[in-house]
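Chemist: For reference, the chains in residue letters:
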Amino acid sequence: MTKDILITGVGGQGTVLASKIIAASAMTEGNTVHSAETIGMAQRGGPVTSHVRIGDTAYSPLIPLGKADVILGFEPSEVVRNINYLSPEGLAVVNTTAVKPVTESLSRSGYDGSEMIEYLKKNVRCVFVDGDRECRKLGSAKFLNIILLGVACGSGELGISKETMLEETGKRVPAKFREANIKAFLAGFEIGEQVFNIPPRDL
Amino acid sequence: MKEYVMGNGAIALGALKAGVNVVCGYPGTPSSEIIETISKYPHEGLHLEWSVNEKAALEVAAAAAYSGARALVTMKQVGLNVASDPLMSLAYVGVEGGMVIVSADDPGPISSQTEQDSRRFAEFARIPVFDPCSPEDAFEMIQDAFAYSEKYKTPVIFRPTTRVCHGYATIDAADSYTPKVFDGFKKDAGRFVIFPRLSYKNHGIIEDRNVHIGEDFSLYKYNSSDGASSSKAVLAGGISYMYAKEFLKDHPETKLIRIATAFPFPESFMLKELDGVDELICLEELSPYLEEQVLKLAGKHKLSVKVFGKLTSHVPHMGENSADGISKILKSFLGTDDELVPERKDIPALPARPPVLCAGCPHRASFYAVKKAMAGKKTYYCGDIGCYTLGNAMPLDMVDTCLCMGAGVTMAQGFSHIDKEGKAFAFIGDSTFFASGITGVVNAVFNEADITVCILDNSTTAMTGHQPHPGTGKNMMGHDAGAISIPKILEGIGLKKVVTVDPLNLDKAIHTVKECADLPGVKAIIFKSPCIAIEKSSTKCMVTDACINCRKCILETGCPALNDVGGNVKIDASLCTGCTLCMQVCPKEAIGGGCVD
Ligand SMILES: Cc1ncc(C[n+]2csc(CCOP(=O)(O)OP(=O)(O)O)c2C)c(N)n1
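Line by line, the protein sequences give chains D and X. When we follow our numbering, the leftmost residue of the first sequence carries the number 1248, and every step to the right adds one. When we follow our numbering, the leftmost residue of the second sequence carries the number 415, and every step to the right adds one.
All the given hints hold, so there is nothing to weed out.
Derived DSS-like pairs: lysine-lysine, alpha-carbon spacing no greater than 25 Å straight-line: (1) X:742 / D:1250; (2) D:1423 / X:950; (3) D:1368 / X:759; (4) X:454 / X:416; (5) D:1418 / X:454.
Only part of the chain X face toward chain D is listed, based on derived beta-carbon distances under 8 Å: (6) 577; (7) 656; (8) 736; (9) 758; (10) 761; (11) 764; (12) 768.
Derived DEER-like restraints, expressed as beta-carbon distance ranges: (13) D:1303 / X:606: 46 to 54 Å; (14) X:600 / D:1304: 50 to 58 Å; (15) D:1421 / X:456: 19 to 27 Å.
Calculated directly from the structure, the hints in this document are not laboratory data. From the three backbone atoms N, C-alpha and C, an ideal C-beta is built for every residue, glycine too.
Excised from the complex, chain X in its bound form (with noise of 0.2 Å):
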């Protein structure tokens, strides 16, 4: 049955054709759609998970893959970091039923912390790594991936980029999916238990594998070259290959090497790919991982050839590539007179978009209420991943540090340990909290720490799309597991102040932060109100004749639903939600609210 979907649609069909048994993961762009669309297929025999962080989705499937079913993990590059503790120990033991670990990398990047690559890290742990080019690509390659992970007994990442994730093709699904019937776990100590021994003599096992496999994928069908023998060749991975063909569509002469694994690397095959070859580009986002490989095996087989890339300087070390920046790079290198369409001149300057905290966000209301109580006070805010990252942005200026999921908790603590006077707070959403923050409330509790802990309970995780947590209750087999309680969490690590506060009361919300903050050891405030895109309000707030212009409102929250048109306030009412912060902020009392849409 043809369908147009999403690379991330692709992936996840391809996975279901491949007889997927477990599928876990966490969201993170440019991940989340794979989980998403499995969801809209439930079949028996299929357990479908958003974990609660990537390290728990991996260990999950592993255990499936132990029993010979099939497993999928899915993440963002970024969610890697956070599994490798069991990625590297799982790569030592192997799997019995093919386990692919999805990890999508993101040049640029366009919503990411780092420009890591997963390519890196297949070698790190010593495990195979797909990386396809085009959804179509990846919804066979997927399939490849399950079947080489089985043979070959160990994990594999499969490594798609935000491009190949967010693009649209038809592809050939099945039209119905039967998970893989599989013996089940056979206990073997001497096999699933780590032990020094055990991942000494597997070193050797799987660094012999490794040369096996790479011999083995010098054959597979996506290591490929099209074009003549020419003595300039192209060498290029995942979306850059794309890019290069859309150039030497008009340069058939030129030979085009396209390396869809790159570790173990296809050695026999690259050799074979550079005779007669005199230089060689590399095209590859990321790292110069294939233009490294490259120069290992010239200098392992003493070729002459040259080798540009990144560590020449003849393509970027950061951001993404793109069909037109590709095309200036060939350009240059083959010398070909291709004439580049001229770039339009006198562009007027353009209004800027930044992206910032939605028209009633109750996150807004969390950091002007914290804000408001410390006005003048020595602080340290300390940010974490989300929406709320947003609060950096004017007139709020509430984010001091923000680095890593979970970060924020744990950092405030390091604060307040060198500075008795400073208050320090933490800021981190409830998907957040469930990932990683609560071992970071533990160790402050355990060391003593003197920070107040805001959690922004909107009810979802908003910044990825809206998946459910454990705090919703709600899982992806479609059941509510009930929800668990955060303040039942924090008062059980034993926290002697917990309190859940409703941002949108304004008064109430700064008299508990100025009550918590003066209290000695960890306090948590959970500021509860829901993501305004799970639960639309039917009120608006309205300007009245008592409005003095002040401009108050929009000075100190910076809603966007609040205008300034010639100097008068004016509510957009098509993006206000009635939230009521302008109004417990003007000072006139000159805005009313409740008026019904």
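One chain only, chain D, in its complex shape (with noise of 0.2 Å):
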């Protein structure tokens, strides 16, 4: 298999957890895997990405523009500045939950994540999930990365089983929350199912 996830959102969201449960599930599969992660002067708040490149020849560490077959974007504008890494057939999934800059108070862009909502919704085949929302309902906006990932689990696009991605899902939580983070992925996992009710889009 060949595959190319490319996780985009900003630091303290939990993507590099997604990123590693990704790689490990990938791999309990048989498949050969490399990642990268942005580290440095990546901080809180801060844009982060994580390319996972799943099979034997993928060379570059980082996805190439236009080949990723996923983006699992924790944040709208996240999604949209990494879009051009999306392959034109590739799906997004995308939280709709936006963050604002730390910097929000003093540069008052006004940002609130509807303009990259609608750009996204007109331009790219995407799964919407109301990160706040379904947190909300599971009661800690701590699964908001379990839940994202069950979504595109669900979806199938991965090519990852959902038994395999539970497994390492649990492996990778403490143990009081296993229950709980199950629950979040299997919550994700029916949202992407949905994913077969959207087509592709022509671009």
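Dock chain one against chain two, each of which comes alone in its own frame, and use the hints as you go.
Modeler: And the structure:
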């Protein structure tokens, strides 16, 4: 299998755990995996991306532009920031809850994510997830990453089975939150399954 | 045992597999995780340390290598500037046990001051350099680097770049580690005491040896080529080789040559590869090193090959290469008809997310206190390297200069000598103070400067990932060596005024700054308050009904926990650490504190 998956959001949202679970799951299913995280100056609230490349012929550590099969987007503007990575047929899983820049009170950009969502609706094959609402249902914002993972898995476009991902998720979350995380994953999975109703978009 | 690790982890595990006995380094992105990985595998016969700076690290390692032990030194590329004094001399003296100096380059630069190329340093020092292109490759190559170092009794440089350091891959790590058994130091003044005569003699020997190593490297498996023989060929090194490989998987007819040992250049290998090549494009980051070597070779052997690259403006000088950038270059060089993915147009304007000091960062309060105390006065604010460089951003705007680690203390002196009117301040972090600030303070006292040194002591090396340092006392052998006291060092140097103050006590901090700035000579203020990432607070601040929404708290502190929600000031409880700076800035006492999370 070859698959390129880009995970994007802002520092503190739990993107790194999501990338680790995808990488581990793909390996468990016998694939060669490479991944790369943006670290360094990256800090809380700064843009972060993880590139997960599955397959034997992925040489560049970063996904080439236009080659990502899936973007797992934790924040609408961060999906748009990386949209040129998405292949024309690719799928973006997008959390619609915007995260304002930490400098918002000084810069007053008025950013609320709506323009980004409009753009994505018009131009990209997307599954939207109201992360705020889904997290509230589960009782904590901490489940966002696992919900989104569930959505991506449910869409079928990661090419990884539900069982493997559930198992790898279970291994990487604290024991006392395991049940809750499994619930979060399954909630996401159901949303992801609806992607079959989304037609491919002509570009 | 298969392990999925970061490139830096692969380097660490490779060095452990090679039986390394002593590992030293100073933190710096993208190199820091090498030592952090090694610390997870403590075992008998391994000494591990975060040294006080890169020069110290290299010298500690050199003694181990003189004794026949295997030594690893890690740093970021600018660290090699600091370590260059011992490095240049050590290159003449040589080693007995294998010694590998990892100098991680950072094209971009992504988190560095410079875009320097450590391969140049290797050539300058006349020692071999290894240039891995992936984590897998780094794991194997670091073991080779130890072997070559021992074989030729010379220190060698190992030069990964950010994408190799921070990429993840699966390697076949050892199950357990046994450090090398070595003979110990054998006194030999003729060998280990550097004198002009020794350098003269060894200079000749080293140049002859390098010719020999170049021949040896011509047979090294990582200097390789794939693809058929084509009249147009590609030469690449480091990560650029992977980008080229990604593009050329659809063009197997094109020859792709890789050079993994830039110095001594494997001339025989390259000559053989150039046979039948009319045009060659060189893909590399930072400087046109390989390109120049090929041009030299072509001149020497009167080859007619046309060489393209940075020197012909076909490859950019600055920044990192990418799969896409390389694809474009190769498409035009080879004249292929690959479809480049069309860029999406009409993308809406994106919100900027610039790096800022964290909510509750004590550095914000320190800068704010100095700013308030010196309002209306002529000042020079000499910054330095660390999280506190972000004190430059609005609204604090408290960094006038930033050059290299330790430069703040000494540059403030320069301003004080040429301008007796202005007040010069140096801001320096605790880790930076130990690394390269102390000699600067000695210089200030000795040469009668008039400066205020502000030490921003957050009890950690925050910028590079919270490594311990001498001021914390915790070392990498897991021992508490006892914290070294910054005030006592300063008093020992002879400063008449050394005050420690909590920056989160704003009035007191402002008062302290005023008092010190007015005194002549060298004064020091230690702003002591722990980094919010190492000491979690459980209190939050809250806006009360008394708030008149004047927004002074937002406009003066720029704390990211303070939000303007439809004209009303709100505190984001998920970010607030209860530092109370906003509370102290508020003119209406409208912010309450101490509410427990
Ligand atoms: C010569 C050199 N070595 C290492 C680094 C990497 N580096 C950047 S900031 C820093 C130290 C930061 O620690 P500190 O001074 O305590 O400030 P903090 O980030 O904690 O505020 C280091 C080691 C560098 N820039 N230059």
